[in-house]
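Residue numbers (our numbering), protein chains in the order written: chain A, 1 to 211; chain B, 212 to 844.
There are no misleading hints in this set.
Covered stretches of chain A (in silico footprint by chain B; criterion: 3 or more residues with CB under 8 Å from a CB of chain B, positions within the stretch not fixed):
1. 32 to 39
2. 167 to 180
3. 187 to 198
A short, non-exhaustive set of chain A residues, derived as facing chain B with CB atoms under 7 Å:
4. Y44
5. V82
6. L152
7. G153
8. A183
9. S184
I should point out that these hints are in silico values taken from the structure, not numbers from a laboratory. Glycine included, C-beta positions come from ideal geometry on N, C-alpha and C.
For reference, the chains in residue letters:
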Amino acid sequence: MNRKEMLATLAGAPLAVLALAREARAGKDETPLSPAREAIRARYFPNVVLTTHEGKRVRFFDDLIRDKIAVIGLMYANCQGVCPAITANLVKVQKLLGDRVGRDIFFYSVTVKPEEDSPAALKAYAEQFHVGPGWLFLTGKPDDVELLRRSLGFVDPNPEVDKDKTRHSGMLRYGNEALSLWASCQGSAHASWIAESISWVDRPKGKRAES
Amino acid sequence: MYFNVFGEKVSRAQWKEMLTAMKNRQEIIAAGLTRRDLLKMGLLTSAGMLVAKSGLSARVPDRCFFNCNQCASPATTPWVQPLPIMPIKRRVTSALNPAPTIAPNNAGGEGRTRAHQSPIGSNSNLPFPPPNIYQVVQQAGQVTMSPQLPVQTIWGFDGISPGPTYVSQYGSANLVRNVNQLPLSNGGFGNNEVTTHLHNGHTPSESDGFPCDFFPNPNIPAIANAFFYDQYYPNVLAGFLSDHQPNGDVNESMSTLWYHDHRVDFTAQNTYKGLAGFYLLFDSNHDSGNELTGFHLPTFPTYDIPMLLADRCFDPTTGLLTFDLFNLDGILGDKFLVNGAIQPFLHVSPRRYRFRWLNSGPSRFYQIYITDLNNLNANNQFWQISNDGNLLPTPVQVPAVALGVAERADVVIDFAQFAGKTIYLENRLEQVNGRGPTGNVLAAGQGNFLLQIIVDGPQVADNSVDPATAPQFFALPSTNVQPLVQREFSFDLTRDGQWQINGQFMDCNTVRFAVTQNSVEQWTLKNFGFGRPPWTHPVHIHFEEFQILQGAPGLFGQGDSRFYFRQENQSTGTNAARKDVVRLLPGQQVTLFFRFRDFLGRYPMHCHNVVHEDHAMMLRWELATVGDNNPRP
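So that you can see chain A by itself, here it is in the shape it has in the complex (with noise of 0.2 Å):
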């Protein structure tokens, strides 16, 4: 049941609204996912409950990953080191992507302070860049941010290295979850040549979101 659809039933039957409503609340998919889709999923993508800059408590995996194309990356709020430079520079990757992104790409950049940066920090932060819709900054408990951070590889062989917020990982993941299709590059390489990285897993071309 689409959006159009679900708005026109409410509009009837109140006590079915109940149902339709947990209905649409769950009507995020929950087919299960192919074994390869599904093996990804379980070593770099767990589910934790991070909370964006607007806000919203999203699961990583479910909310902001599975059926989309993703961009990601690692920042905090206070940084004075590579952050600023790598978000202008996808500040600038966004527009060269134009809408593409929040339909159906999107862009989670992950705070490595999560004890510091509540979601008003990052919004904050958020806004001092102009970043566009699609665009999450995310935070969440200490604990589930190290297990995403540690998942997705962003980790350093030198724990010395590893354990200093200044030296987090520059690189971006960028990928198509229901493609199977994952690479990195470097955060401060030319905007547009992330930007052609990312149009390599936007597949099928033009491919537009169903609403």
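Please build the complex by placing chain B on the supplied structure of chain A, with the hints as guidance.
For chain B alone, kept in the frame of chain A given last:
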């Protein structure tokens, strides 16, 4: 041999516990348990650490538990499969349709974007169409890599992995119609937009498999639906249009090349999935393939066997090939394949054989020895006759051969000394993570066993040359020439884990520098990581072979060198050679001498640890009629 994530050896029992721990963690993650859940279940301490319950490692919070080099492939029985021998690629028996054209036939479905460059079609060495026409189809195939593993899907040229072996002659050019029938459905990894590189042919750029020349390419409307790409392989000696007209410098002869996918950002996934094979070059007067003629090297194919080495990980539960998608260091497999079979056996006659060894990666370094389990202390020397597939001036007797990813070595082993015995090819180079070897060479019998060789074949004639008689192959082209340009390249990692070369990042659209056609250059490559665990990088430059002027790496574990180079290393022994991949050791600097000749266009330089390559330790350079002299591009 079992290791934990710190590189420490563990017992089989400990390893099984780690495996259970990994599965437990995966289940916890898969169940989407929140921290509160974990606390309620008594699996978290109040400090937030996962409890050291049996099966859940206490070390989990401190170290990575996903994306560590922790393969846990199912057990397989070695020495139960014969060594596969790849079929020789045959020429087409009927004309290609559409017929090959010099200009790309985009309307007909060709993915090439640049014409076969002049003087193809107007030079007697570059006829068009050339005398040898091939068609190869990249497609999914079903294979058994071990009797204990399920039949499973790989991607291969002609549906097999390794792909068929091309047997080519100098002076007789090839055209290969490369057809892409790879599926979109990839089983978890692999990108079906592809570009095939012949490593390391003296090939015009438009046929070289440049990383961004993949097809189809939906971003380029003309080739958005392309399904084939014609590649022209001149099989011509370097210098034929420049300093050694008309037929090139015979001392630039190459023998053992390989071909593999080179698609930008997905090379590791695609080669790991099976897209690789051998390409051999012969010449009736030199490396003739017939031990009665030319250099009298063992006759191909009976006594001349290409061996593609690969290490791989398989899922502990399903037994399917598994690829670590978010690994940045380098992937180490725990299963060792030769020609697509895990630890196969080979019967040989007690005579000389030529083996062509290729380390196809993804990341591991090898140092290969001959091991006799009944005589572990024996120093079983043999003869190395090529480096990176280029015949040495004369054979060199060696105790072992070191290979970084993409390096090749041809060796001659006389099995007469082992008549009636069973011996092994063993990799004794210790490596615990994808970053590079530790530098330790393990004791005989403690390494990775690759191939079992049973010397019980019939007595047969051996008309091949005895390497001990010091036959002369090719002379090294002179390096006593003033280079036109000298450049240096620093291979590095930023503070935040991004690979770079000379402080810049990869972009196919950026030409970092241009080399003047038909000129000499000298390049210094540097590997200086600051304050990090050491990385070793096998660096590869397309199109031309180089000679190492200084800083040549020796065998690991020799004398005081361990894995550190010596700046003043003269290129002696097997390093007195033409190469196309150089092992750049931690803190090392190496100086290379190049002649860049004959063709024009774009080529890459990159680390060939394919995981580094994809992330993306690579740059684009060009050969142009007029180049630049930027010393640090």
